[in-house]
Amino acid sequence: MLLHLAVQNLQSDRKGAAVNAAAACVGVAALVFFVALGLGVNDAARRIFPREARLIEVVPASVSLGPILGGGQLDDAAVARLAALPGVTGAHRKLNLRVPIAANRQPEGMRYNWPQGFVVQIPVVGVEAEFLGGDVPAARFVDRGRDEPMPAVISSRLLEVYNKTISSSWGLRKLPTGLALVGVQLPVQVGYSIVPLKTESEVYEARLELVGVSDRIPVYQLALPLAVVQRLHREYGKEDPGYSGVSLVAAEPEDVPRVAAAVRRMGFSVDEGDRAASERIGTAIQVTTGALALVALLMCALAALAIAQSLSAGIRARAREIAILQAVGATLGDVRALVLAEAGLVGAAGGVVGVALARLAAWGADRTAARLLPDFPFRPETFFHFPAWVLLFGIAVGLGAALLGALAPARAAGRIEPARAIG
Amino acid sequence: MISLRSIRKRFGDGEQSPVLDGVDLEVAAGELVAVVGPSGAGKSTLLYVAGGLDADFEGEAVVDGRALRGLSDRARAAFRNRTVGFVFQSFNLLPGLPAVENVLLPGLFRSEAGTDAGARLSALRERALEALERVGLAAKASKRPAQLSGGERQRIAIARALFAQPRVLLADEPTGNLDATTGAGIIALFREMAAGGMTVLVVTHEERVSQAAGRVLHLEGGRLR
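Going line by line, the protein sequences match chains C and V. Under the numbering used here, think of the first position of the first sequence as 1, with each following residue one higher. Under the numbering used here, think of the first position of the second sequence as 1, with each following residue one higher.
By construction, these hints were calculated from the structure, which means they are not laboratory data. Idealized CB from N, CA, C, for every residue including glycine. Heads up, a few of these hints could be off.
Said to hold, decoys possible - Here are the computed lysine-lysine pairs in the DSS-like style, where the Cα-Cα straight-line distance is at most 27 Å:
(1) C/Lys174 with C/Lys164
(2) C/Lys15 with V/Lys143
(3) C/Lys198 with C/Lys238
(4) V/Lys140 with C/Lys164
Unchecked claim - To spell it out: a stretch of chain C is covered by chain V in this simulated footprint if at least three of its residues, at any positions, have a beta carbon under 8 Å from a beta carbon of chain V; those stretches are:
(5) 329-342
(6) 404-410
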């Protein structure tokens, strides 16, 4: 019933209500806009640096005192010790291929404009099928022998970089993303290097067959089964003193710091690589978003002050009206509740409009960015992310600011003496 | 119905002489009583004490069997809501609300648990229209006070007072802002209410109102004579 009266009162003073709602609206719009921008940019950063919270990349220490004092090579014994660390659920070996592989012809099974005389040196890492998780069926990622195509996996991010930068600058055809490339075969020369004096004495023709894409593969490398890399090393007489790296999977993300510390105590290094970059960018985004959100919250606080001032003036002007309500049976609590209800409605309306305004501004910003910014890798469709909680948070802040601003006026309204105000 | 004994009321820091200085008043049910006196004599104050609008007084005020001193805010509000109806010289309608919404105001402050708000509002509107019908203004239900004449506004105020079906009507200079003809209509309405069993206490300085009352009391020097 009080709500009905509050609505009636607001309708009778639309201008005042609109001014108060606008104050709440501007603060909420700014807050929701900046928070959504922070979340959107954070999402984009995660696409550039996909970070698996449970993964720890172990590499041999750059300076080692040997296996007696800890550290040294990442051989099978070391891998076993790493796998046995508390909190570790998996240890996946990695081995960089030390036999050069180059491609000098266009892939088969697709239309492509391979430039004449174009040779690409391919950096390769050997990994275990289990390391790729569900990205590639394990049965397809095996060594099928020298005469069969070598199953290969590339980073999905490599396709993005290629399509957005390399293809356009070199005038090459863009490649389809996702799994559309699976099955494509690329003729390669094993043992051939574009670096002078690095070509092996034996060079032979082989094929790489793309069997999948995975975010676990570094953007600058192509992954072959570990067994293929080991076979090639045997074929070319390369010794394998140890693995290039080991990816440890922690049971929980919270275990990572403890496991990393244990790894370092064992004399190995932890390659922060993408993780560090991702964390640095994430921190930068959080700090920036936090600062902007703080400014927006200050705007909301100012809105609360503006609403408080406006309502206080309104209460003074409406003293007689409030006294009339008391004359017909309103309690002091009713009067206070009425003022708060009016403020709440104004704040909620301001919040809803503010959220809508933020979405509109985000749409405008995205459109402007699409028009003005070049097509760079990982450029998101939108720089904003509006999960439901952000929208509800915006409305709640509008409501909260208005209610906060209405507290003192509501108390003042409750102090009005009806006999004095009417008389 | 109204029993005031030794009512004293003082404004300010207590150095001023009391505006009510030992007022005694007895009004029976169905009686129309007029209190007259010069401006500033305390007529309105007397009405506010009797109506539970002013709780800061000395003495004993009993209305419809309820002692008003010491009542909690909630109990006093319920008393104003159910037992008394007020009519003021300056009408005291809420300017932003249509006539029908002004009339149903007392209904908004009655707690009736378990009733659907929408259905309750519809019922209140219906009753408000009936009250407007009684004062001959049903056709003006959607008009705002600014769109009505002084006489119409006062009748809306009376309809609001009647809406709550009070036992006591307290009117403060109800014809003060009205022309003679309109004022006469209002006075006739009060007589009709008193005849129907409602206790009507009118404070006025207009002779035409006091002439219509069954009893006229003079308030002067803080006392009734």
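Now the hints, each set against the structure:
1. With a CA separation close to 8 Å, the supplied pair C/Lys174 and C/Lys164 stays within the 27 Å bound.
2. Distance check on the hinted pair: C/Lys15 and V/Lys143 sit about 20 Å apart at the alpha-carbon level, within 27 Å; holds.
3. Annotation: proposed proximity of C/Lys198 to C/Lys238 holds, straight-line Cα distance about 14 Å (limit 27 Å).
4. Proposed proximity of V/Lys140 and C/Lys164 is contradicted: the alpha carbons are some 72 Å apart, above 27 Å.
5. Note: the region 329-342 of chain C has 6 residues with beta-carbon separation from chain V under 8 Å; the three-residue rule is met and the coverage holds.
6. With 0 residues bearing a CB less than 8 Å from a CB of chain V, the region 404-410 of chain C misses the requirement of three and the coverage assertion fails.
Going through the hint list in order, the structure does not satisfy hints 4, 6.
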